[in-house]
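Peer 1: Sequence:
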Amino acid sequence: MNLKRVRQWVALLALLSLIHSFNALTVCASGNNNATAPLIQVTPPEPVFNDEARRTELAARRAHVAEQIGPKSVLVLFSTEARVYTGDVDYEYRQENNFYYLTNLNKEGATLVLMPGHKALHEILFLPRRRRGIEYGSETWTGRMYSPEEAQSLSGIAEIWDAREFAPFMRALKAQFAYQPKPENVFLSAVFKHEAASSEQSANVNADYETLFSAMRKNDASVYLLIPEEQDSRAYKQEQTFAAQLAQSASGFTVRNAWPIFAEMRVRKSPMELQLLQHAVDISIEAHESAQASAAHAQWEYEVAAEVDYTFRRRHADHWGYPLIVGSGVNATTLHYEEAQGPVKAGDLLLMDVGAEYGHYTADVTRTFPVNGHFSPAQADIYNIVLAAQEKAMSVVHPGATFADVHNAAVEVLKDGLFKLGLITERNSSQYRLWFMHGTSHFLGMDVHDVGGRIPLEPNMCFTIEPGIYIRPDALDLLPDTPDNRKFIIAVRPAFEKYKGSGVRIEDDILVTPAGYRNMSGALPRTIPDIENFLARAARELHNEPR
Numbered sequence: 065m066n067l068k069r070v071r072q073w074v075a076l077l078a079l080l081s082l083i084h085s086f087n088a089l090t091v092c093a094s095g096n097n098n099a100t101a102p103l104i105q106v107t108p109p110e111p112v113f114n115d116e117a118r119r120t121e122l123a124a125r126r127a128h129v130a131e132q133i134g135p136k137s138v139l140v141l142f143s144t145e146a147r148v149y150t151g152d153v154d155y156e157y158r159q160e161n162n163f164y165y166l167t168n169l170n171k172e173g174a175t176l177v178l179m180p181g182h183k184a185l186h187e188i189l190f191l192p193r194r195r196r197g198i199e200y201g202s203e204t205w206t207g208r209m210y211s212p213e214e215a216q217s218l219s220g221i222a223e224i225w226d227a228r229e230f231a232p233f234m235r236a237l238k239a240q241f242a243y244q245p246k247p248e249n250v251f252l253s254a255v256f257k258h259e260a261a262s263s264e265q266s267a268n269v270n271a272d273y274e275t276l277f278s279a280m281r282k283n284d285a286s287v288y289l290l291i292p293e294e295q296d297s298r299a300y301k302q303e304q305t306f307a308a309q310l311a312q313s314a315s316g317f318t319v320r321n322a323w324p325i326f327a328e329m330r331v332r333k334s335p336m337e338l339q340l341l342q343h344a345v346d347i348s349i350e351a352h353e354s355a356q357a358s359a360a361h362a363q364w365e366y367e368v369a370a371e372v373d374y375t376f377r378r379r380h381a382d383h384w385g386y387p388l389i390v391g392s393g394v395n396a397t398t399l400h401y402e403e404a405q406g407p408v409k410a411g412d413l414l415l416m417d418v419g420a421e422y423g424h425y426t427a428d429v430t431r432t433f434p435v436n437g438h439f440s441p442a443q444a445d446i447y448n449i450v451l452a453a454q455e456k457a458m459s460v461v462h463p464g465a466t467f468a469d470v471h472n473a474a475v476e477v478l479k480d481g482l483f484k485l486g487l488i489t490e491r492n493s494s495q496y497r498l499w500f501m502h503g504t505s506h507f508l509g510m511d512v513h514d515v516g517g518r519i520p521l522e523p524n525m526c527f528t529i530e531p532g533i534y535i536r537p538d539a540l541d542l543l544p545d546t547p548d549n550r551k552f553i554i555a556v557r558p559a560f561e562k563y564k565g566s567g568v569r570i571e572d573d574i575l576v577t578p579a580g581y582r583n584m585s586g587a588l589p590r591t592i593p594d595i596e597n598f599l600a601r602a603a604r605e606l607h608n609e610p611r
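Each residue of the sequence shown is one higher than the last, beginning at 65 in this note's numbering.
It should be emphasised that the hints constitute simulated quantities derived from the structure, not laboratory data.
Glycine is no exception: its CB is placed at the ideal position from the N, C-alpha and C atoms.
Any given hint might turn out to be false.
[Claimed, not checked] Simulated pairs of lysine-lysine, DSS-like, Cα-Cα distance not exceeding 27 Å:
hint : residue 1 : residue 2
1    : LYS562    : LYS409
2    : LYS456    : LYS409
3    : LYS484    : LYS564
4    : LYS238    : LYS136
5    : LYS282    : LYS238
6    : LYS246    : LYS171
7    : LYS562    : LYS551
8    : LYS484    : LYS562
9    : LYS456    : LYS564
10   : LYS136    : LYS246
11   : LYS282    : LYS171
12   : LYS484    : LYS456
13   : LYS562    : LYS456
14   : LYS238    : LYS183
15   : LYS183    : LYS246
16   : LYS564    : LYS551
17   : LYS456    : LYS282
18   : LYS551    : LYS456
19   : LYS183    : LYS282
20   : LYS484    : LYS551
21   : LYS409    : LYS246
22   : LYS183    : LYS136
[Said to hold, decoys possible] Between beta-carbon pairs, the in silico distance windows are:
hint : residue 1 : residue 2 : range
23   : ASN448    : THR204    : 39 to 47 Å
24   : PRO292    : ARG332    : 18 to 26 Å
25   : THR150    : GLY503    : 31 to 39 Å
26   : HIS513    : LYS551    : 36 to 44 Å
27   : HIS380    : GLY503    : 25 to 33 Å
28   : THR546    : GLU403    : 17 to 25 Å
29   : LEU399    : ASN448    : 14 to 22 Å
30   : GLY565    : GLN304    : 24 to 32 Å
31   : PRO324    : LYS562    : 47 to 55 Å
32   : PRO387    : GLN304    : 44 to 52 Å
33   : THR150    : ALA444    : 21 to 29 Å
34   : THR318    : ARG118    : 33 to 41 Å
Sequences and hints are given; from them, build the entire structure.
Peer 2: Okay, structure coming up:
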């Protein structure tokens, strides 16, 4: 056998060995955790929902929005436009959250109109006509579009009209004319047929507009749009343009903001939403464990990040919910470190803040672990303070508690720990903010920093608890040169030199329950013994050489 053939066989055997090792490490998350069980928790099967149940929930959401805006109002929701990456290349498409929340549709070009005061046409979906030729922009170039039947099956909306009908429909509304769509542009309808409607049917449909038109004549009608507040206004250009047009037309409509309505709904998760979110968390747990198991032989942060990306793809995640944060050593002290281009060194702590998105819902889970499998005494000092702060914060979670309660509980533990380490000189001061400068919690859902604001916690709300300590090497150098700061720097310098470059964050996804809470990501090792045991087992079973 020639040398080339020998090398091919050696490479093949090595690949088969690696595949066997990985398969031996996987176990369903619902399986047992005894010493003989495989190590990595494989994501459970994807949740399966009955189509009718999904449509029923969507219809209930639309009905709630309709009730909130009332019979004198119209809601207009636009599907989001494609976002340009560069030149003629777009980012991967992702639907606007609130449009998806009411329709389950994930393609561009559609518009949803709700008219609660119109019995027959209380909801209309304007859908782009399928382009099935070979010209640019057709399905040949950009992929399959929804057929009317598919859109109706996904959304449960009865009235499906051609998207080209939206502009004349709105012109008619502003002019207080009962609109009659072109028969060929009515794809599906319980009201209009392709044949001419009867005079009695037309009269009934036209009469239903009168509630809205009467309000318009009194300047008492409203159009609800998604008007950006804290959101990125660049993503809502259609709404801004449409609002400006209404303002110029003296139509009798007042433009109102629909954001508060959706925020109030989305902050409380339905059982269906909780299943989607839990699945996103489960994918994230597997990704964390796969990446941690690979870190011992990684040379660069991007190698560890690649394990996360691979798991997300393998487990059918939509994408990540936010750019991956994989920071080793001093890079872990940057809160939103996204480059993942630095080296991974023995003796480093590696911080991974990664969350999969599944079914439009995103997880947000962070772990910090030692690359060589063992926390040094100094690393353990910092880690245990953060862990104790997180556990204290969790202990105050119950219906009626606030983010301030959770944050303050964590801060008190952090202050005490930092004081004992010599990193602050006063417990009852804001000195701790030099080492912990962000909030402890945010709501979680369709966005990683989801809607909800600062309202008291209720059952079925989901949020994060994520204390941290970040000892940036330049932190003391950046303090203003004042007598108090010079005194502070001298006092904390010995501890700073011992701990500088350490970045630790621990983050879990929390579901509020009637009795307290459930840690949705609690299956992922979190204590020092559990993390070290996991890494030791991974080293044995993957034959990782110690570093």
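Peer 1: None of the hints should be skipped; say for each whether it holds.
Peer 2: Hints, verified against the model:
Straight-line distance between C-alpha atoms of LYS562 and LYS409 comes to about 18 Å, which keeps the hinted pair within the 27 Å bound. A C-alpha spacing of about 32 Å is found between LYS456 and LYS409, which places the hinted pair above 27 Å, so the restraint is violated. The hinted pair formed by LYS484 and LYS564 meets the criterion: a straight-line CA distance of about 16 Å does not exceed 27 Å. Distance restraint check for LYS238 and LYS136: the Cα-Cα separation of roughly 13 Å lies within the 27 Å cut-off, and the hinted pair is therefore satisfied.
Straight-line distance between C-alpha atoms of LYS282 and LYS238 comes to about 13 Å, which keeps the hinted pair within the 27 Å bound. At most 27 Å may separate the alpha-carbon atoms for a hinted pair to count; LYS246 and LYS171 meet this at roughly 24 Å. Taking the CA atoms of LYS562 and LYS551, the gap is about 19 Å. The hint holds against a cut of 27 Å. For the proposed pair LYS484 and LYS562, the alpha carbon gap of about 14 Å is at most 27 Å, so the pair holds.
Straight-line distance between C-alpha atoms of LYS456 and LYS564 comes to about 25 Å, which keeps the hinted pair within the 27 Å bound. The straight-line distance between the Cα atoms of LYS136 and LYS246 is roughly 26 Å, inside the 27 Å bound, and the hint therefore holds. Between the alpha carbons of LYS282 and LYS171 the distance comes to roughly 38 Å, so the proposed pair goes past 27 Å and is violated. This hinted pair checks out: LYS484 and LYS456 have alpha carbons roughly 18 Å apart, not beyond 27 Å.
Distance hint between LYS562 and LYS456 is fulfilled; the C-alpha atoms sit about 26 Å from each other, no more than 27 Å. A threshold of 27 Å between alpha carbons decides the hint, and for LYS238 with LYS183 the separation of about 19 Å falls inside it, so the pair holds. Restraint check: the Cα-Cα separation between LYS183 and LYS246 comes to about 20 Å, which is no more than 27 Å; the hinted pair holds. Distance restraint check for LYS564 and LYS551: the Cα-Cα separation of roughly 19 Å lies within the 27 Å cut-off, and the hinted pair is therefore satisfied.
For a cut-off of 27 Å, the pair hint linking LYS456 to LYS282 is broken: about 56 Å separates their Cα positions. Our distance criterion of 27 Å between C-alpha atoms is broken by LYS551 and LYS456, whose separation comes to about 32 Å. With a CA separation close to 21 Å, the supplied pair LYS183 and LYS282 stays within the 27 Å bound. Annotation: proposed proximity of LYS484 to LYS551 holds, straight-line Cα distance about 18 Å (limit 27 Å).
The straight-line distance between the Cα atoms of LYS409 and LYS246 is roughly 67 Å, outside the 27 Å bound, and the hint therefore fails. Note on LYS183 and LYS136: the hinted pairing holds, with a Cα-Cα distance of about 12 Å set against a maximum of 27 Å. The beta-carbon spacing between ASN448 and THR204, approximately 59 Å, falls outside the hinted interval of 39 to 47 Å. Against the hinted window of 18 to 26 Å, the Cβ-Cβ separation of PRO292 and ARG332 comes to about 23 Å, which satisfies the hint.
For THR150 paired with GLY503, a C-beta distance near 34 Å keeps the hint of 31 to 39 Å intact. In this structure the hint that HIS513 and LYS551 lie 36 to 44 Å apart at CB holds, the actual value being about 38 Å. In this structure the supplied range 25 to 33 Å holds for HIS380 paired with GLY503, their Cβ-Cβ distance being about 32 Å. Restraint check, THR546 to GLU403: a C-beta distance of roughly 34 Å breaks the suggested window 17 to 25 Å.
At roughly 21 Å, the beta-carbon separation of LEU399 and ASN448 lies within the given 14 to 22 Å, and the hint holds. In this structure the hint that GLY565 and GLN304 lie 24 to 32 Å apart at CB is violated, the actual value being about 45 Å. In this structure the supplied range 47 to 55 Å holds for PRO324 paired with LYS562, their Cβ-Cβ distance being about 49 Å. Remark: the range hint 44 to 52 Å for PRO387 to GLN304 is contradicted by a beta-carbon distance near 27 Å.
A C-beta distance of roughly 45 Å is found between THR150 and ALA444, which places it outside the suggested range of 21 to 29 Å. At about 34 Å, the CB distance of THR318 to ARG118 agrees with the hint of 33 to 41 Å.
When the structure is compared with the earlier hints, violations turn up for hints 2, 11, 17, 18, 21, 23, 28, 30, 32, 33 and for no others.
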